[in-house]
Amino acid sequence: MTRVRRWLPGLLLVTPSIVAVAVFVYGLLGWNLKVAMTDQHDEISQGSFVGLENFTAIWDQERWGISVRHAIVFTVVFVGGALVLGWLLAFLMEKGIRGESGFRAVYLFPMAVSFIATGVVWRWLMNSGTGERAVGLNSLFHYLGLDFLQWQWFRDPDWGMAAMAIPAIWQMSGYVMALFLAGFRGVPDELRESARVDGCGEWQVYRHIVLPMLRPVTLSALIILGHISLKVFDLIVAVSGKQIITDVPAIFMWTAVFDSHDPAKGATIASYIVISVAVFVVPYLVWNARKGKRS
Amino acid sequence: MSVAQEAVRHAAPADRARQRAAVARWVRLALLLIFVVVFLIPVYVLLVTSFKPLSEADPGQAWNLPKVWTTEAWSIAWEKLEPGIVNSVLLAVPGSLISAVLGSMNGYVLSKWRFPGADVVFTLFLFGMFIPYQGVMIPLVQLMVNLGVYGGIPGLTLAHVVYGIPICTLIFRNYYVTIPDELIEASRVDGAGMLRTFWSIILPVSGPAFAVVIIWQFTSMWNDFLFAVFLTAPTSWPTTVMLNNIAGAQTVPYSQQMAAAILASVPTMVVYVLLGRFFMRGLMAGALKG
Numbered sequence: 001m002t003r004v005r006r007w008l009p010g011l012l013l014v015t016p017s018i019v020a021v022a023v024f025v026y027g028l029l030g031w032n033l034k035v036a037m038t039d040q041h042d043e044i045s046q047g048s049f050v051g052l053e054n055f056t057a058i059w060d061q062e063r064w065g066i067s068v069r070h071a072i073v074f075t076v077v078f079v080g081g082a083l084v085l086g087w088l089l090a091f092l093m094e095k096g097i098r099g100e101s102g103f104r105a106v107y108l109f110p111m112a113v114s115f116i117a118t119g120v121v122w123r124w125l126m127n128s129g130t131g132e133r134a135v136g137l138n139s140l141f142h143y144l145g146l147d148f149l150q151w152q153w154f155r156d157p158d159w160g161m162a163a164m165a166i167p168a169i170w171q172m173s174g175y176v177m178a179l180f181l182a183g184f185r186g187v188p189d190e191l192r193e194s195a196r197v198d199g200c201g202e203w204q205v206y207r208h209i210v211l212p213m214l215r216p217v218t219l220s221a222l223i224i225l226g227h228i229s230l231k232v233f234d235l236i237v238a239v240s241g242k243q244i245i246t247d248v249p250a251i252f253m254w255t256a257v258f259d260s261h262d263p264a265k266g267a268t269i270a271s272y273i274v275i276s277v278a279v280f281v282v283p284y285l286v287w288n289a290r291k292g293k294r295s
Numbered sequence: 001m002s003v004a005q006e007a008v009r010h011a012a013p014a015d016r017a018r019q020r021a022a023v024a025r026w027v028r029l030a031l032l033l034i035f036v037v038v039f040l041i042p043v044y045v046l047l048v049t050s051f052k053p054l055s056e057a058d059p060g061q062a063w064n065l066p067k068v069w070t071t072e073a074w075s076i077a078w079e080k081l082e083p084g085i086v087n088s089v090l091l092a093v094p095g096s097l098i099s100a101v102l103g104s105m106n107g108y109v110l111s112k113w114r115f116p117g118a119d120v121v122f123t124l125f126l127f128g129m130f131i132p133y134q135g136v137m138i139p140l141v142q143l144m145v146n147l148g149v150y151g152g153i154p155g156l157t158l159a160h161v162v163y164g165i166p167i168c169t170l171i172f173r174n175y176y177v178t179i180p181d182e183l184i185e186a187s188r189v190d191g192a193g194m195l196r197t198f199w200s201i202i203l204p205v206s207g208p209a210f211a212v213v214i215i216w217q218f219t220s221m222w223n224d225f226l227f228a229v230f231l232t233a234p235t236s237w238p239t240t241v242m243l244n245n246i247a248g249a250q251t252v253p254y255s256q257q258m259a260a261a262i263l264a265s266v267p268t269m270v271v272y273v274l275l276g277r278f279f280m281r282g283l284m285a286g287a288l289k290g
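Chains as they are written, first to last, in my numbering: chain A, 1 to 295; chain B, 1 to 290.
No wet-lab data here; the hints were simulated from the structure.
There are no misleading hints in this set.
Some but not every residue of chain A turned toward chain B, in silico, with C-beta under 7 Å:
#1 Gly10
#2 Leu11
#3 Ala20
#4 Val21
#5 Val25
#6 Leu28
#7 Val113
#8 Ser114
#9 Phe233
#10 Met253
#11 Pro263
#12 Gly266
#13 Ile273
#14 Val277
#15 Val281
#16 Leu285
Note that the Cβ used here is the ideal one computed from N, Cα and C, for glycine as well.
Starting from the given sequences, assemble the full structure and let the hints guide the process.
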């Protein structure tokens, strides 16, 4: 009884939050899944249970295939690009450089700004006009004598989504840099020193000592970037709106709800977005919880 | 061989190494400066375009500096954006304060006044941090309608506070873990209960964690678009939605769009410049936990 008196107040204090998370996160995820399994294709009907029919039927829609392909291209370019650029910036700075705080501030500030605001300027920078009609980056390339670099950016029918990843890389690579910089600095100097004493060159020190110790940071960065990427929405709304050429599941869902007024379809797409994030975040969280218990 | 010659022979490789290090340092500095220029390209375009008069604000000459500097685009953009900025303030200021209070209580209990199953609760909270909000949006709209708060600022605030619980709890918990358990024990032995200990031991040292959480929540509420577009009616539109409408309209000149984009970013930029240190800590909390 005394033991219960010891922890009960704590539980009571957290209860409002537990209830809120239980209802708003888990309850609504379940509710959404329930809607996805009905034939409620307008806003008036109640809809009856149809199982996984919506989940299979959506693959017959051409637009769904396009948006999934777009999301994959975007994710690969964005996650890869932000990781490489962030790593490179951290690598260039890790030994200390004059004016480091200034550099960090410049690389990080895009994180403080919304995609909606930066989309205004990126939409112009990535204007698709080329040659005589070049504006934005294409005209900058022209000034620099790099005309061969001009392309349609996000209007390119095949690789437009790779262009769409550029503003996202611009926004997030500073964050990745900060993560890696903390990782680099977390490697004890004695370890590097003793490797040098053992005759390792600078590159070998990186290969055998520093890079292996960056693995946990890399994993964290991958998870963060990956889950941002799979639900990307604001950026695309701001740069190109609802055009099919840059459609992704989150935009498709938005139009399913507001334009087609089809809750079941919207909920189905939303469920797919959740599943795509959960398949890698859940193992990560479980792994993290176990690691926490061991230490 | 004289001593001097000996010294030269030894010094030569060391000199070469020093030279190499100096070259490497300059190369690194040069590369970092190139990236600074690349990172600031969008800022340059935003700034110069926003100061141009209508006659110069066409995409063809956006790289040029204004021939005539004017703030006329800024005042028009401010007029258009002001209602949204007011709404955003009404959302983000109370919202981030409530979030901080909740997060502080949760973090305290989950680190210092634990109950059986506290770890499971914490892990379940963490998943809430990663869920794509699309996954709850359709029923959330319905729930807000049922609760009678759909369309207004209070409903939007509620959503942000609730979905902010995981990250706020995480930041406070990780901060409180560093407070020695002995302090809590001593307070218990003195007969202080949970709330008293929280008030007199924990809260006085919580300043930095409050700063981190308030900045984090303020920034994400200010910059959010998804919740706003699903949950608010036109009179309650925050800055981001207003800005998107201004920027999406074909009739609005570039200079005004860009001025509006800068205006919409000013509050978070100010926070970032003044309190960047805390901003960074919030960022790191999302990744390096435990």
